[in-house]
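Asks: Model the placement of chain B on the given structure of chain A, informed by the hints.
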Amino acid sequence: NAGVTQTPKFQVLKTGQSMTLQCAQDMNHNSMYWYRQDPGMGLRLIYYSASEGTTDKGEVPNGYNVSRLNKREFSLRLESAAPSQTSVYFCASSVYRENTEAFFGQGTRLTVV
Amino acid sequence: LAKTTQPISMDSYEGQEVNITCSHNNIATNDYITWYQQFPSQGPRFIIQGYKTKVTNEVASLFIPADRKSSTLSLPRVSLSDTAVYYCLAEGNSGGGADGLTFGKGTHLIIQP
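Top line first, the protein sequences correspond to chains A and B.
Heads up: the first sequence begins at 1 in our numbering, then just goes up one per residue.
Heads up: the second sequence begins at 114 in our numbering, then just goes up one per residue.
Treat the hints with care, as some may be off.
Stated by the list, open to error - Below, computed lysine to aspartate or glutamate pairings styled on EDC-like, alpha-carbon distance capped at 20 Å: (1) B/LYS116 x A/GLU79; (2) A/LYS57 x A/ASP38; (3) B/LYS218 x A/ASP38; (4) B/LYS218 x A/GLU101; (5) A/LYS14 x A/GLU79; (6) B/LYS218 x A/GLU79.
These are calculated hints, taken from the structure and not from any lab test.
Chain A on its own, in the form it takes in the complex (with noise of 0.2 Å):
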């Protein structure tokens, strides 16, 4: 039961690299999210997509694209990193945009220096 699975971890970066942070869930759901998580913050939307072909913007996407690969694949891309963006990543998915129980990843922490 793998459920959902980030790549990597653990991620040191210098201001103004790129990478792109993976997530894949085994699920068979169709919506899938991108959160950061800030100390002392809740967890803050940055891009979701609610099936399949689409993606849609969160509360905080400036800095950030994603893409939905296939049903079971949705990465998350920092195109020129910022020390802003040192955060922990959670991915997510959810059977339906609709439905609240979703399913996180352990999570990838990344620092931008």
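Replies: Leaving out everything else, chain B in the frame of chain A:
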């Protein structure tokens, strides 16, 4: 923005029952109340969900009064391992729901021996 308000922190002791209240004055008719638990360095985990009255599972109970302006998560006989952040969400669960799961800052519950 999150449609819910909950205390930032709570303290209790092992063996006690803990009740965390969430206010949601303006939720939509089709919104469900969902609670998640998050341990440090982990993604949130679904605990319980309800629409009205009372729901109970092996982990917790959820009480939602008839006016649905608030709800209470009840954790029976807590242990040290229940120390975590608890999030209350009020989101659509059928057709035309929220853009994405919206988390606030949650309630940091600390259980002491």
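Asks: If a hint holds in the structure, say so; if it doesn't, say that too.
Replies: Each hint, compared with the structure:
1. B/LYS116 x A/GLU79: violated (32 Å)
2. A/LYS57 x A/ASP38: holds (19 Å)
3. B/LYS218 x A/ASP38: It holds: about 10 Å lies between the C-alpha atoms, which stays within 20 Å.
4. B/LYS218 x A/GLU101: Roughly 18 Å separates the two Cα atoms, so the pair holds.
5. A/LYS14 x A/GLU79: holds (12 Å)
6. B/LYS218 x A/GLU79: The given pair, whose Cα atoms are some 28 Å apart, is violated under the 20 Å limit.
Checked against the numbered hints above, the structure violates hints 1 and 6; every other hint is satisfied.
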